Structure formats: structure tokens, C-alpha cells
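Quick mapping for you: the protein sequence lines, in order, are chains Y and X. The UniProt record's numbering puts the first residue of the first sequence at 1, with every later residue one more than the last. The UniProt record's numbering puts the first residue of the second sequence at 1, with every later residue one more than the last.
One thing to keep in mind: the hints can contain errors.
Claimed, not checked - Mimicking DSBU-like on lysine-lysine, the simulated pairs with C-alpha atoms at most 30 angstroms apart in a straight line are:
no.: 1; chain 1: Y; residue 1: K174; chain 2: X; residue 2: K239
no.: 2; chain 1: X; residue 1: K232; chain 2: X; residue 2: K132
no.: 3; chain 1: X; residue 1: K228; chain 2: Y; residue 2: K193
no.: 4; chain 1: X; residue 1: K36; chain 2: Y; residue 2: K193
no.: 5; chain 1: Y; residue 1: K2; chain 2: Y; residue 2: K174
no.: 6; chain 1: Y; residue 1: K239; chain 2: Y; residue 2: K102
no.: 7; chain 1: X; residue 1: K132; chain 2: Y; residue 2: K193
no.: 8; chain 1: X; residue 1: K154; chain 2: X; residue 2: K228
no.: 9; chain 1: Y; residue 1: K261; chain 2: X; residue 2: K132
no.: 10; chain 1: Y; residue 1: K253; chain 2: Y; residue 2: K147
no.: 11; chain 1: X; residue 1: K228; chain 2: Y; residue 2: K174
no.: 12; chain 1: Y; residue 1: K2; chain 2: Y; residue 2: K104
no.: 13; chain 1: X; residue 1: K31; chain 2: Y; residue 2: K164
no.: 14; chain 1: X; residue 1: K56; chain 2: X; residue 2: K232
no.: 15; chain 1: X; residue 1: K132; chain 2: Y; residue 2: K167
no.: 16; chain 1: X; residue 1: K232; chain 2: Y; residue 2: K167
no.: 17; chain 1: Y; residue 1: K164; chain 2: X; residue 2: K75
no.: 18; chain 1: Y; residue 1: K261; chain 2: Y; residue 2: K25
no.: 19; chain 1: X; residue 1: K56; chain 2: Y; residue 2: K239
no.: 20; chain 1: X; residue 1: K31; chain 2: Y; residue 2: K167
no.: 21; chain 1: X; residue 1: K49; chain 2: Y; residue 2: K174
no.: 22; chain 1: Y; residue 1: K193; chain 2: Y; residue 2: K25
no.: 23; chain 1: X; residue 1: K49; chain 2: Y; residue 2: K206
Just so you know, the hints here were simulated from the structure itself, not pulled from any lab data. Note that the structure is predicted; figures quoted are calculated from it, not measured.
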Amino acid sequence: MKFRAKMIDVGCLNHFTRVVNTISKLTKTCILRLTPNNLYFVLSGKVASGGVGMWCELSQANFFDEYQLEGVAPDANEICLEVTPENLSRALRTSQNAKCVKIKLTKKHCPCLTLVAELPTLSSVSRVVTHDIPVDVIPRRLWHDFKEPRMPDFDVSIYLPPLKTMKNVVDRMKNLSNFLVMEANLNGEMNLKIETDLVSVTTHFKDLGNPPWGDDGSQGRSQSRDPEVMAHTRVDIRKLQQFLMGQQVNPSKAMCNIVHKRIIHLILLHEDVSLQYFIPAVA
Amino acid sequence: MPLSTQSQTEGDNYVLVASLDNVRNLSNILKAITFKDHAIFNATPNGLKVTVEDSKCLQANAFIQAEIFQEFTIKEDSVGFQVNLTVLLDCLTIFGGSTVPGVATALRMCYNGYGYPLTLFLEEGGVVTVCKINTQEPEEPIDFEFCSTDVTNKVILQSESLKEAFSELDMTSEVLQITMSPSQPYFRLSTFGNSGNAHYDYPKDSDIMELFQCTKTQTNRYKMSLLKPSTKALALSCKVSVRTDSRGFLSLQYLVRNDDGQICFVEYYCCPDEEVEEE
Numbered sequence: 001m002k003f004r005a006k007m008i009d010v011g012c013l014n015h016f017t018r019v020v021n022t023i024s025k026l027t028k029t030c031i032l033r034l035t036p037n038n039l040y041f042v043l044s045g046k047v048a049s050g051g052v053g054m055w056c057e058l059s060q061a062n063f064f065d066e067y068q069l070e071g072v073a074p075d076a077n078e079i080c081l082e083v084t085p086e087n088l089s090r091a092l093r094t095s096q097n098a099k100c101v102k103i104k105l106t107k108k109h110c111p112c113l114t115l116v117a118e119l120p121t122l123s124s125v126s127r128v129v130t131h132d133i134p135v136d137v138i139p140r141r142l143w144h145d146f147k148e149p150r151m152p153d154f155d156v157s158i159y160l161p162p163l164k165t166m167k168n169v170v171d172r173m174k175n176l177s178n179f180l181v182m183e184a185n186l187n188g189e190m191n192l193k194i195e196t197d198l199v200s201v202t203t204h205f206k207d208l209g210n211p212p213w214g215d216d217g218s219q220g221r222s223q224s225r226d227p228e229v230m231a232h233t234r235v236d237i238r239k240l241q242q243f244l245m246g247q248q249v250n251p252s253k254a255m256c257n258i259v260h261k262r263i264i265h266l267i268l269l270h271e272d273v274s275l276q277y278f279i280p281a282v283a
Numbered sequence: 001m002p003l004s005t006q007s008q009t010e011g012d013n014y015v016l017v018a019s020l021d022n023v024r025n026l027s028n029i030l031k032a033i034t035f036k037d038h039a040i041f042n043a044t045p046n047g048l049k050v051t052v053e054d055s056k057c058l059q060a061n062a063f064i065q066a067e068i069f070q071e072f073t074i075k076e077d078s079v080g081f082q083v084n085l086t087v088l089l090d091c092l093t094i095f096g097g098s099t100v101p102g103v104a105t106a107l108r109m110c111y112n113g114y115g116y117p118l119t120l121f122l123e124e125g126g127v128v129t130v131c132k133i134n135t136q137e138p139e140e141p142i143d144f145e146f147c148s149t150d151v152t153n154k155v156i157l158q159s160e161s162l163k164e165a166f167s168e169l170d171m172t173s174e175v176l177q178i179t180m181s182p183s184q185p186y187f188r189l190s191t192f193g194n195s196g197n198a199h200y201d202y203p204k205d206s207d208i209m210e211l212f213q214c215t216k217t218q219t220n221r222y223k224m225s226l227l228k229p230s231t232k233a234l235a236l237s238c239k240v241s242v243r244t245d246s247r248g249f250l251s252l253q254y255l256v257r258n259d260d261g262q263i264c265f266v267e268y269y270c271c272p273d274e275e276v277e278e279e
């Protein structure tokens, strides 16, 4: 197994740092999959993560100038690691002005992702900062847990309102209730609702637009659907709040698929990064 | 406007309807009296009075006159209810607590009368939030029997320098002692905490003293924990009047200017600390 990559562009470095910061706000630990073309930050949606699933895909060519990967086997040319994104975030923070950042898989007292940053100084000699981030290598027999999630057979797909507005509203709603209902229809309308013995609050978003998914199978169900009818799912409000808290940059596209009473599937698309987040329904 | 159509569909059963183009003109002043969960609301044709009490020794009132509202319609002489103030504030600030220049949240507050929830319609940037908050039967606010004819000492100060003093007050002191006198030290705030005794003196002819009417030397102590919440009202205010009566009861009245420069009042009444009376 071998992995070496190098970033020299400051813009790429900043962008990569922002992505890692977002991931670190979403979860304490996750899986990092390294393939010849992409990096993936993954949460499998099992009980351990509270049922929340995450799939963040980065195209390596958009970030790294050099990228060398030798996977576990010729027919399985990838590496799968368990990482604590906050550690990677911290290491990247000190590398912000670096001339060059190298990331490689090493073995110190345990397997590590080693980050080496060459920082400019006033003299001609660079200062070098090295971070060894401990990781766990995930054996091949467990890889099936970390595959790309299937697009769920959704009832409604809708563009999200401005994330900042959603975050403000959800932050306040969290003071009032532990659970939130998200509902949306094919008329571009979305409501966020909480209801307790003390108070009920509903925020109405209109004219959001519904993404045109085309004629694939999952659209079949929604094509014959009455556009006024809402699909809704009740979720743990903290999970939605956590997702909204982590967003640092405005995505070029933000949308949400709702499977009635089952799951909320959030999709954020940036230029070279896509993030999918699955929040399961609670009873 | 979306808010008015919504209220029409609920019928004309409202006994109270109050609207604001900028909800902060209500939420900011309510924040100045939020030290307990429950607040007693009393609306009359003059406007809205909100009361919060603590252990029968402290009462805070916020007055928002009818003129502050863009619409204030009341169908009875007096409409009263009790509501959870923390929940109400979370609803009033549903679009976030901070201000963005040029963006205001509009409010329409409706109440159908006894047994009905308080309904709020809030709108910002085309997004509408509807809140229904359960109400209870209002308790009778305590009458502290503070009477302007019984006032022994009164001063009116500009809030600026009192704000400084209050932010520095030694919180390890269990009491705040207020001395008012026609002679030295005129107006003094004292604390007795772990760091020792501290005194803040305001002479009667200082420029922050707008009015000085002290007839008798009085020293009274008030529980620091009771007066601490008044700091929020002080922070919002530009002027404050401090009065004590013959029993040593304290009345603090704050003149608050809202975002649009209109005037509202907040007042605090506080009983003197029992200990001193025994001396």
C-alpha cells in the first residue's frame, strides 16, 4: 500500500482545508477512501453514527499536482482508512500559507497520514512542519460497508432554501423541540415544523423549484404525484442542525430528496466537491 | 402582504392584533426583562405591558405604547394572558438574533382570548413563520404599592456611567447597597465582596446627574441576585431614574429608545433585603 500526494496551489489548499473543516463539523470519525481518481469521506449510516450517512466525493485532480496510489491489491486499487477529520483539519490549519503540502501514508508507531508543509520564511530556507495523523487501515473484507449509497427512491425532490436562513430557523427550533418535520412538494414548497405541548412553529418556504431528474426509475413514482401533496419526514433536529452548522461555503446547487417517513437525503454540489448527507426518520 | 391574508382565514375572532414592521422593537425590550420563564401580558388601548416577577421581591415591567406598533387593535378594555417568555423570544427571533442592514422581520401578533394560543406571524424576505404558543390564565401582578407621593429620594442619571459601574460590580457581594442623601456622598453604590468593599459615588452636581431630589439620608441593601437582571435594561437605556420610598423599596425606571428612535419604558421594583431592616 502506498500513497503520496502533493498540493502546491494556495487556492487548492484553502479549498481542501474548507472541505475537511466541513467534514470535521459533521462527524468525529469517518472513513477516507482513496482511489486513483477520487477521495471520499464516508459515514456508513449504521447505528454507530446515529443512522446518519455521509458521502463526500472530491476529484483528486482538482486539488493535487501529484498523486500516486498503490492500493491493497492490483484488482483492488484503493486504500480505505478510518480517520478523525479534526486532526487533519488542525494540521491543515497550520499549513495555510505553505508553498507546498505533501500527504503520504506512513508507518510510525502505527499507520499514519503524514502531512508535511513547507512554510515560507524571510530567509531562503523553508521551515518544515510535519504532522503525523494516526489512522486505522480498514481491511478489504469490510469495504462493502463503504460503497457509494444508492439514490433513494424519493417521493419529492426540491431545491433547498438559502442554507443561512435554514440554519437560523433550525437553531431557534432546536431550543423548542428535539424533533423536526421537514415536508416538501413538487410545487417548490417546503415547510419546517416543530410541535410540542407548549408551542408549534412552522416556517414556510415557497418558489424553491424542483430539480428535473429526468426519466430514470426514481422519477417514475413522482411523475404521477399530485404536486400539492407534501412528503414529510420527522428527524432528530440536532442531526439537521449539525449538517447546517458545518457549511462554510455556499454551494452551487443544494437540494433535498425526501422519502416519505423514511429518510431525508441532502445533496450539496460545489465545483469540485459533492456532499451527500442522509438523515433517517425517527418514529 | 402575506400576513394579512393569513389572519383573515382565521376569522375575525381576535381580541388583540398588534403588528410591527420590525420585530426587534418588541424582542429587544422583552430581552431586558427575561430572567424568568413566565411573563404576564396585559394589553389595553394604551399599549402592551409585560410583567416578570421573581420570588415576590422583584418585579420588572416593560411598556410598549400602542403608537410603537404599526397596527394595534384591541376589542376589549383589557386583555391579559400568561405565556412562556423564553419560548416567545425564540419565536420572535426565529430568523436569527442579529441584524442585517436593510433586512427587517415583520411581526403580526394575534390573540383570540381566553383558552386560545398566542399566534405570531413573522416574515422576512418572503419566508413566513407561524408560531402558536400556549397561554395560561394570567396571575395578578404584585402591587408593590410604590406611590410617587411617598418617594423620599429621587435621582435621574444618564445611563452611560452607571453602565460602567454595573459592569464592574463585584458579583461576590450578596447585596448591592444604595445610599441616597441630600449631603455627601449624595448617591453611592456599594458592594461587600471577596475583594473587599467598593463604593461608586455620583456627586449631585456631576453632568451625568440630570435630576437630584433627595430629602432624607437613606441606605438600603438589595439582593444582588435580584438586581442583576436589571443590567440588561440598563444596557438598552439612555436614562435611568432611581427612587426609594419611606419603606426602602426601590424603583428603577429606564428610558429605552428602540431601533426607530421611539421611546419605551422598563421599570424594576425591588424589596429591600430583610437583614437591614432588623438593624
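Quick rundown of the hints versus the structure:
1. Taking the CA atoms of K174/Y and K239/X, the gap is near 36 angstroms; set against the 30 angstroms cutoff, the hint is violated.
2. Pair hint K232/X plus K132/X holds up; C-alpha atoms about 27 angstroms apart against a cutoff of 30 angstroms.
3. Proximity of K228/X to K193/Y is assessed by CA-CA distance (about 36 angstroms); at most 30 angstroms being required, the pair is judged violated.
4. For the suggested pair K36/X and K193/Y, the alpha carbons sit about 26 angstroms apart, so the restraint of at most 30 angstroms is met.
5. The suggested pairing of K2/Y with K174/Y is violated, with an alpha-carbon distance near 45 angstroms, which exceeds 30 angstroms.
6. Proximity of K239/Y to K102/Y is assessed by CA-CA distance (about 34 angstroms); at most 30 angstroms being required, the pair is judged violated.
7. At roughly 12 angstroms between alpha-carbon atoms, K132/X and K193/Y fall within 30 angstroms of each other, so this suggested pair holds.
8. Between K154/X and K228/X, the direct Cα distance comes to roughly 21 angstroms. Compliance with the 30 angstroms bound is thereby established for this hinted pair.
9. Restraint check for K261/Y and K132/X: the C-alpha separation of about 24 angstroms stays at or below 30 angstroms, so the hint holds.
10. Only pairs whose Cα atoms come within 30 angstroms are accepted, and K253/Y paired with K147/Y is accepted, the gap being roughly 23 angstroms.
11. As the CA atoms of K228/X and K174/Y are separated by approximately 27 angstroms, the hinted pair is consistent with the 30 angstroms bound.
12. For the hint linking K2/Y to K104/Y, the alpha-carbon distance of about 8 angstroms falls within 30 angstroms, and the restraint holds.
13. Between K31/X and K164/Y the alpha-carbon distance is near 24 angstroms, which keeps this suggested pair within the 30 angstroms criterion.
14. For the hint linking K56/X to K232/X, the alpha-carbon distance of about 20 angstroms falls within 30 angstroms, and the restraint holds.
15. Under the criterion of a C-alpha separation no larger than 30 angstroms, the hint pairing K132/X with K167/Y is consistent with the structure, at around 21 angstroms.
16. A hinted pair counts as satisfied when its Cα atoms are at most 30 angstroms apart, and K232/X with K167/Y qualifies at roughly 27 angstroms.
17. Taking the CA atoms of K164/Y and K75/X, the gap is near 39 angstroms; set against the 30 angstroms cutoff, the hint is violated.
18. Between K261/Y and K25/Y the CA atoms are separated by roughly 26 angstroms; this keeps the pair inside 30 angstroms, and the hint holds.
19. Restraint check: the Cα-Cα separation between K56/X and K239/Y comes to about 41 angstroms, which exceeds 30 angstroms; the hinted pair is violated.
20. With a CA separation close to 22 angstroms, the supplied pair K31/X and K167/Y stays within the 30 angstroms bound.
21. A C-alpha spacing of about 29 angstroms is found between K49/X and K174/Y, which places the hinted pair at or below 30 angstroms, so the restraint holds.
22. Distance check on the hinted pair: K193/Y and K25/Y sit about 24 angstroms apart at the alpha-carbon level, within 30 angstroms; holds.
23. For the hint pairing K49/X with K206/Y, the CA-to-CA distance comes to about 36 angstroms; that exceeds 30 angstroms, so the pair is violated.
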